[in-house]
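Engineer: Here is what each chain is made of, one letter per residue.
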Amino acid sequence: MAQGEKQRSVLRINLDILNAVRDEGDAKPTHILYKANLSHERLVKYLDDLTAKGLIEMKQDGENRTYNLTTKGVSFLIEMRRAESFVQGFGLAI
Amino acid sequence: MATGALISFTLNTLCAVVALLTSYYAYRVNRLVANQVVGAISLGFMLLGIGLAVDAGTALVSGQTLVESLHPRVIVLLSAATYLTVQMVAYLVIAIGYARAAYGGQAKTAVPAVLVGAGAVGLYRFSLLSYFVVLILLAFVVFQGLLLHSGQKNRFSSAVLLAFGLILVAHVVLLASVITLGPLLFLIGTGIQFLGFLSLLIFVVRSEVVGPR
Numbered sequence: 175m176a177q178g179e180k181q182r183s184v185l186r187i188n189l190d191i192l193n194a195v196r197d198e199g200d201a202k203p204t205h206i207l208y209k210a211n212l213s214h215e216r217l218v219k220y221l222d223d224l225t226a227k228g229l230i231e232m233k234q235d236g237e238n239r240t241y242n243l244t245t246k247g248v249s250f251l252i253e254m255r256r257a258e259s260f261v262q263g264f265g266l267a268i
Numbered sequence: 011m012a013t014g015a016l017i018s019f020t021l022n023t024l025c026a027v028v029a030l031l032t033s034y035y036a037y038r039v040n041r042l043v044a045n046q047v048v049g050a051i052s053l054g055f056m057l058l059g060i061g062l063a064v065d066a067g068t069a070l071v072s073g074q075t076l077v078e079s080l081h082p083r084v085i086v087l088l089s090a091a092t093y094l095t096v097q098m099v100a101y102l103v104i105a106i107g108y109a110r111a112a113y114g115g116q117a118k119t120a121v122p123a124v125l126v127g128a129g130a131v132g133l134y135r136f137s138l139l140s141y142f143v144v145l146i147l148l149a150f151v152v153f154q155g156l157l158l159h160s161g162q163k164n165r166f167s168s169a170v171l172l173a174f175g176l177i178l179v180a181h182v183v184l185l186a187s188v189i190t191l192g193p194l195l196f197l198i199g200t201g202i203q204f205l206g207f208l209s210l211l212i213f214v215v216r217s218e219v220v221g222p223r
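Residue numbers (our numbering), protein chains in the order written: chain A, 175 to 268; chain B, 11 to 223.
What the hints contain is simulated information worked out from the structure, not anything from laboratory work. Even glycine gets a Cβ: it sits at the ideal position worked out from N, Cα and C. Possibly wrong hints are sitting among the right ones.
If you want the ones that stay clear, here's a sample from chain A, every Cβ over 10 Å from chain B, calculated [stated by the list, open to error]: (1) Leu-207; (2) Lys-209; (3) Lys-219; (4) Gln-234; (5) Asp-235; (6) Thr-240; (7) Asn-242.
Computed beta-carbon distance windows for the label pairs [unchecked claim]: (8) B:Ser-160 with A:Gln-234: 46 to 54 Å; (9) A:Thr-245 with B:Arg-38: 16 to 24 Å; (10) A:Ser-249 with B:Phe-142: 41 to 49 Å; (11) A:Tyr-208 with B:Leu-157: 27 to 35 Å; (12) A:Glu-231 with B:Ile-146: 21 to 29 Å; (13) B:Ala-186 with A:Thr-244: 52 to 60 Å.
Going by beta-carbon spacing under 10 Å, a handful of chain B positions derived as facing chain A [claimed, not checked]: (14) Leu-16; (15) Tyr-35; (16) Ser-72; (17) Tyr-108; (18) Ser-167; (19) Ala-169; (20) Leu-194.
Please take these sequences and the hints and turn them into a complete structure.
Structural biologist: Written as structure tokens, this is what we have:
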């Protein structure tokens, strides 16, 4: 049951990215990369996935790229926070 | 209807509602997180809710508590046996969920062994066996909970731990009531079990409304 010691799940990584994007607001990839503790290659893959799912949106301003949560992303994070609370209550981790 | 049966009906109905609510919420959470232990919790509490509803219905229709039905007047044999079986399987599913997460897949071999053992004896012995098995399963879940609660990460919520702890104490009392065929002890056990489910309800409502702190 000590799942906290195991490798992070895909869901956990996605949540870390979404939390980083939410906390930053107009989050730059380098900030997300740092906060979510990912390599650049993996971050790009996850950001593409989350964008395709409509949970985050990218803004391109010249060479600068920034990410924000969509309304769907905000709702998803709220649902996941509740789910995480429930799961943790039973001694488990996402 | 006798007062004992009325109390048993009321408390077990409320417990069944809480168990089914917990099952539904665990099912919703499992759709998001796809965790096998959460799946086991969902299935376990669904079975528990059905079992408690069967027992509540039995008390309503027969006007007897489960312990009273263990006397020679065996009108409600089938429903009592159903409740005991479903309850035992429910806790088994929850405990196996935790056991598989903690110790791997070998734990599931315990299921047929327990059911075969249960089916081989009469209702009175089956009641004893059922409450005893549930007691062991709950002790396992509470032990796991205590370990996690005292650890650094993935803490068991105090409310969930209290809930399982109270349900464990309730089953000690319920086992004693079956041994002594004492209706009062049975009602006390049912009351303690209700407090356990109340604690679980507080946790479910808190995690639904408030989310993580």
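Engineer: Between Ser-160 (chain B) and Gln-234 (chain A), is the Cβ distance one that fits in 46 to 54 Å?
Structural biologist: holds (50 Å)
Engineer: Can Tyr-35 (chain B) be said to touch chain A, with a Cβ gap under 10 Å?
Structural biologist: At 6 Å from the nearest chain A Cβ, Tyr-35 (chain B) passes the 10 Å test, so the hint holds.
Engineer: Hold the hint about Ala-169 (chain B) up to the distance rule: shortest CB distance to chain A must be less than 10 Å.
Structural biologist: Hint holds; Ala-169 (chain B) Cβ to chain A Cβ min 7 Å, cut 10 Å.
Engineer: Once the closest CB in chain B is found, is it more than 10 Å from Gln-234 (chain A)?
Structural biologist: Holds, since 31 Å exceeds 10 Å.
Engineer: Taking the closest pair, is the beta carbon of Leu-207 (chain A) still more than 10 Å from chain B?
Structural biologist: Correct as stated: the minimum Cβ-Cβ distance to chain B is 24 Å, above 10 Å.
Engineer: Does the Cβ-Cβ separation between Ser-249 (chain A) and Phe-142 (chain B) fall within 41 to 49 Å?
Structural biologist: holds (47 Å)
Engineer: Any CB of chain A closer than 10 Å to the CB of Ser-167 (chain B)?
Structural biologist: holds (4 Å)
Engineer: Hold the hint about Leu-194 (chain B) up to the distance rule: shortest CB distance to chain A must be less than 10 Å.
Structural biologist: violated (33 Å)
Engineer: Tell me if the interface restraint on Leu-16 (chain B) is satisfied: Cβ within less than 10 Å of some Cβ in chain A.
Structural biologist: violated (33 Å)
Engineer: Since Asn-242 (chain A) was said not to touch the interface, does its Cβ keep a gap of more than 10 Å from each Cβ of chain B?
Structural biologist: Check passes; 22 Å lies beyond 10 Å.
Engineer: Taking 21 to 29 Å as the stated bounds, is the beta-carbon spacing between Glu-231 (chain A) and Ile-146 (chain B) within them?
Structural biologist: For Glu-231 (chain A) and Ile-146 (chain B) the Cβ distance comes to about 53 Å; the hint is violated.
Engineer: Is the hinted range of 16 to 24 Å satisfied by the C-beta distance from Thr-245 (chain A) to Arg-38 (chain B)?
Structural biologist: holds (20 Å)
In this structure, the earlier hints numbered 12, 14, 16, 20 are contradicted, and the remaining ones agree with it.
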